[in-house]
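Residue numbers (the numbering used here), protein chains in the order written: chain A, 1337 to 1743; chain B, 87 to 417.
Everything labelled a hint here was simulated from the structure, so no lab data went into it.
Please note that the accuracy of each hint is not assured.
The list that follows gives simulated cross-link-like pairs (lysine-lysine, DSSO-like), each with its CA atoms no further than 27 Å apart [said to hold, decoys possible]:
(1) 1550/A - 318/B
(2) 1535/A - 1648/A
(3) 1610/A - 1648/A
(4) 318/B - 1610/A
To be clear about the criterion: a stretch of chain B counts as covered by chain A if any three or more of its residues have a C-beta under 8 Å from a C-beta of chain A, and this derived list gives those stretches [as the list claims (entries may be wrong)]:
(5) 108-115
(6) 387-395
Ranges of calculated distance between the beta carbons of each label pair, as one might list FRET restraints [what the hints assert, rightly or not]:
(7) 1631/A - 288/B: 54 to 62 Å
(8) 339/B - 1530/A: 48 to 56 Å
(9) 1530/A - 115/B: 57 to 65 Å
(10) 331/B - 1648/A: 39 to 47 Å
(11) 1550/A - 301/B: 50 to 58 Å
(12) 1561/A - 149/B: 36 to 44 Å
(13) 339/B - 1648/A: 30 to 38 Å
Since the model is a prediction, treat every value here as computed from it, not as a measurement.
For glycine and all other residues, C-beta sits at the position ideal for the given N, C-alpha and C.
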Amino acid sequence: MKIKNIILSLACFGSCSAAMAGPVMLNARLDSATMLMGNVNTLHIEVVQDKGVRGNFPLFEKFGPEGIVTLLNDTVELRQPVKVDTVDVGSGRIQINYEVPVQVFDSGYYKLPAFVFAAGRDTARSKELLLTVTPVNVTADDPIAPYTDVSDPENQSIFDKLPDWLYYYWWLYLLAIILIVGGIYFWKRYRKEGTLMPKKPEKTPYQRAIDDLKRLKARKLWESGREKEYYTQLTEILRTYLDGRFGIQAMEMTSGEIMSHLADLGDHDIPRDKMRDVLDMADFVKFAMVRPLPDDNVALFKDAVDFVESTKPLDNSEINVSARIDNKVPEDGKQKDDSNVSTSAHAGGRYKGVGRRGRMARLDETPDRISAKRLKVGKKINRRESSSGNNSVKPDSNGNERKEVMK
Amino acid sequence: MSETVNIRELNDLIASKSNFLTMIRTGMRHRIVGQKHLIDSLLIALLANGHVLLEGVPGLAKTLAIKTLATLVDAKYNRIQFTPDLLPADVIGTLIYSIKKETFEVKKGPIFANFVLADEINRAPAKVQSALLEAMQERQVTIGEETFALDKPFLVMATQNPIEQEGTYPLPEAQTDRFLLKVIIGYPTKEEEKEIIRQNIASAVEAIHAVVSRNEITEVQKIVNMIYVDEKIENYIVDLVFATREPAKYGLNDLEDLIEYGASPRASISLAKAARAYAFLQGRGYVIPEDVRAVCHDVMRHRIGLSYEAEANNINSDEVITTILDKVQVP
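Next up, chain B with everything else stripped away, as it sits in the complex (with noise of 0.2 Å):
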């Protein structure tokens, strides 16, 4: 398609091609019970290119959610859980001695996958976090002298206990950046428990069957990154960006001592991305501001460093970027 758009055309396109969207939905809704925003944040990194952090107590249906997407999109799928003893190599592979080719072969680990869990990745230390988040960055894996470019459409949902710290290797600030979202996933309700309960002694469970292929995933990404954000929409952005590194400039006073350091480059670029992809799932051709606002939460709150101040007043990230939303005039 050609740089100059005709956002109807682009509208009518969106509408052909995200009625896959209603088929997705609908196959997760057949599996798990709410988790709505769980859901449409797999649906947004997916349609952006990203991937996701995802912070919630065991049980909340993770696993389930990103295996029954991949049933879903007819991808392959790939659970890796982190451990402390967990090397490099046990994520993207290794080079191993073949006796009977005289050779080493190369010995794919389980980063070849289109969607990959990984459970717990605060478990791991560092060199294997290290490992995942490069590959996740460059979309690549070198393996001995060789590099292999990971299959599209590739998406890493990467889970972490909040609980539980003990033991643990929280992620550096400068890799958790690199997941376009970090999402915090709560309790069902009461009458979604009972629904879940309900589907889990049921005798028959409804099998899920492929719905869009993985090709038809890419081309949609394609049509995602061709959605119009006007130069009042990055404007917006670039200013939320910036009130996180300069909140005195906005006439956010209070913020100036409650905030360590702002948000990077990546974060405008990320919530551009995420927004676009939002638009998408509205059907929309263009970003709005509403696009913005609806992801920024889960775009920024791995991206702002809480100062000690903020902590002793247990003051979190959400509740800085809900004032910055307040403050910073909507276009």
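Chain A extracted, bound-state conformation (with noise of 0.2 Å):
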């Protein structure tokens, strides 16, 4: 019963609580209690209220058009608060913040009023605050800027002699002059090499075909079973390499048309059958789908080389060369005509060779010596198998014999 009557009286303050007007309470604090004289200060103003009741600081309604009010015999300024802030806290309140700028110019210890805010016909007031205004260290002796002495005109050097736009911004001045002359390289030479980017020193068809045959070999293409591939990239490199080094535009030439054109080259020293037995065996993997035993494609390969290494240029070699053809003359004495002749440029000079129009198989020309060629290819191919016991029959990764099929 006691205890019933404990719940019943707690109910009943709670619920007239509630019915009641809460206290208006006023909290005020600065930022620092020291500051220096002329700097700004901060005062946090808290206000907590009911809702919907209008209040407001006396004080602030004297803010004049300046947006200042003044305290304590005009040695305080109070500016115009910068933020408003309103936060719910529950139970029907709300927290009204201020944050209000103050201003102190003289020096010394201030006691700040207590803030008084009026909401209905509540009031309240804030505690008295403590201001310590600290003065500025400034004296009379200290000079703005270090004395100099006048300058003697005698002694003079030439900076001092320079215009004050060219002695401040010299800096600027070289920039852009640099920029100027850089400029005007960059355009010359892009005007004499096409290009801004340095070139690099070109490779020699030599070179680059015996680069590119290491990465042939390295590439283990036909021992992967990649046959037709390979010999389409050994070709290719040696017809590359004949074209920078002959002047013979082998890329547009069947194999007989290379030959054809090694041959009027007249030289003895190149060894025309190399190359011959490398490209009539890259035709019969390329076309026929024959695939070659493991010692003939190491044997071409050497083959391939060897031309290369063979017609590898002495110095200026091919500069040789190329007189050779450009001197060649026809039997009959005349002047050779131009339009079977075109040229090349590479790095070792420019070169003449027979050009592409030189030869053609035609049918009307070169039946007979196309069909000997092949039948004396066929011959040697049939050389190679038959000395090899087994034909062009061998046994695939699988262990299966490989044939030359096609489909």
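Two chains, two separate frames, one set of hints: put the complex together.
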């Protein structure tokens, strides 16, 4: 019974409290109790009051058109609140925050009066605040800038005579001159070479061919059963080499035409047989699905390297070859028609070789030649195959017999 | 033969079946002096089951060549002289009313032969040309309501004279496209001409006999169809044909204004077929780039339309083809 009464009493007190309006609470504080003279300090004022009740600071109503109100005989200046924030703190009450800039222009100890907030019939007061304003350390002896002597006109340096616009901004003018000179240099270079990027020294056809052959070998194409790709690349390397080295446009020529042009060079040191062997086998592999024996692949790669090495230019001999071709006089003693001569330029100089239009396997021109050549090649391959014992049949990676088979 | 072909076996097969070529060439040489290119072209067309359009002045042994070939192959030969008043029925045949039987009977025309010489094809009007060319393409002729298949082998060699253009009906481009080869033949050399005189004034002319039968030719045509054409060769052929259509893409900017229209897909097909036949003539069971280049001029020259600029600059299709062959990369 006793407990019941207590609970009932508490409930009545709670409901009465809720029905009654709460008191207005005011709290004021400074960011710092000490400040330098002339600096700005911030006064924080927090008002907690019931929702919906209108209140105001009588002091703030005194703000003039400049937004300043003074305290303590105009020694302390308060400015318009810079931030007003309202927070719902629950139980039907809100908290309003004010931030008021405070500025003092005289040093000393100040006691700010209590701030008054009126809300309805209720009035709240903050506590008084203490503020210490310290002076700025300034002595009359300290110069604003170091003293300097009057310059002597007799001993002036060249820099003293420079105009201010040059003296102070010399670096800017120097930068502009560097940019202009650099721009002119690169523009001339671009006009001359057609590019701003420095050109790498071009490889000679020999170097390029040897590098490409090394790369081809490293790829182990025929070892992985890609003979066709291997021979395609091998012949492309040789054709590119022939183009660069002898000016023979071999990329647009058939094997027969390439051999014909090599024969036209008339240089007995050129190992044409090796080139013929490589090209013939390449034709078999590329167009007849022949899969050569590993020994053949090794031997023909060596032939290709030997051909390149044998025709390697000695110093300026590439130019000599060019000269030989240039100076070649036809048997009839007449000047050779330039329409059948094409030129190709590379690192070694300009070459003249027999041009693309030189020869072409025309139906009415070369069937016998091609036929004879093919027969000869056929015999050569047969010889190879017979010497290998088992013709071109060899086990593949699965151990099955591989034949020259096509679909 | 199965789809999987052993090239060595194919080479052996070609070697065993191509003996007649030597005999045909020998036989042709007995009658015709020089004109090696003409003879090879006829053989290519025969092996590839195509037709030949021949351009050359009169008196260059065109008729004699095909007549001799017909004799050597033991085949039926007919010659049709094209004239402005020729009618399609004069070529393919017609229906004739038989009073005795009181029905219409088919009267087959001269097209019903193995070897047909269409002499001066550009002298006849377009409808006659069309009738012939349709028969060439379809290899069959419809007379009335009945369709007749033409005998195998069937080879038409049409000729046209390049110098007399007055009163002619030039073949439309779409129709020249149906000829596998267009061959330009020129005059014989001095030595050849002397040999021609000697042959013609001699009292006795050596007789020639058939050296191969029609069935054998048909068999050989099947072997030619088995000759291996690698993808690289196909790409090369396609590149050559595309270079006539889009020269700039192949670095042939100079040809851009010279070509009115490029070669059709039929050119690609013909190039492959003719290259195969050429490979057979060389005794090979596979095609190499040399084969393609060897037949390229004959296959392509009538399939490229040249522009006014080309004609004004006196540039012919052979020069255009040569430029293309020089530029397109060989596999």
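Tested hints:
no. : hint                       : in the structure
1   : 1550/A - 318/B             : holds (25 Å)
2   : 1535/A - 1648/A            : holds (24 Å)
3   : 1610/A - 1648/A            : holds (15 Å)
4   : 318/B - 1610/A             : holds (24 Å)
5   : 108-115                    : violated (count 0)
6   : 387-395                    : violated (count 0)
7   : 1631/A - 288/B: 54 to 62 Å : holds (58 Å)
8   : 339/B - 1530/A: 48 to 56 Å : violated (20 Å)
9   : 1530/A - 115/B: 57 to 65 Å : holds (60 Å)
10  : 331/B - 1648/A: 39 to 47 Å : holds (43 Å)
11  : 1550/A - 301/B: 50 to 58 Å : holds (57 Å)
12  : 1561/A - 149/B: 36 to 44 Å : violated (55 Å)
13  : 339/B - 1648/A: 30 to 38 Å : holds (36 Å)
The structure fails to meet hints 5, 6, 8 and 12 from the earlier list, while all remaining hints are met.
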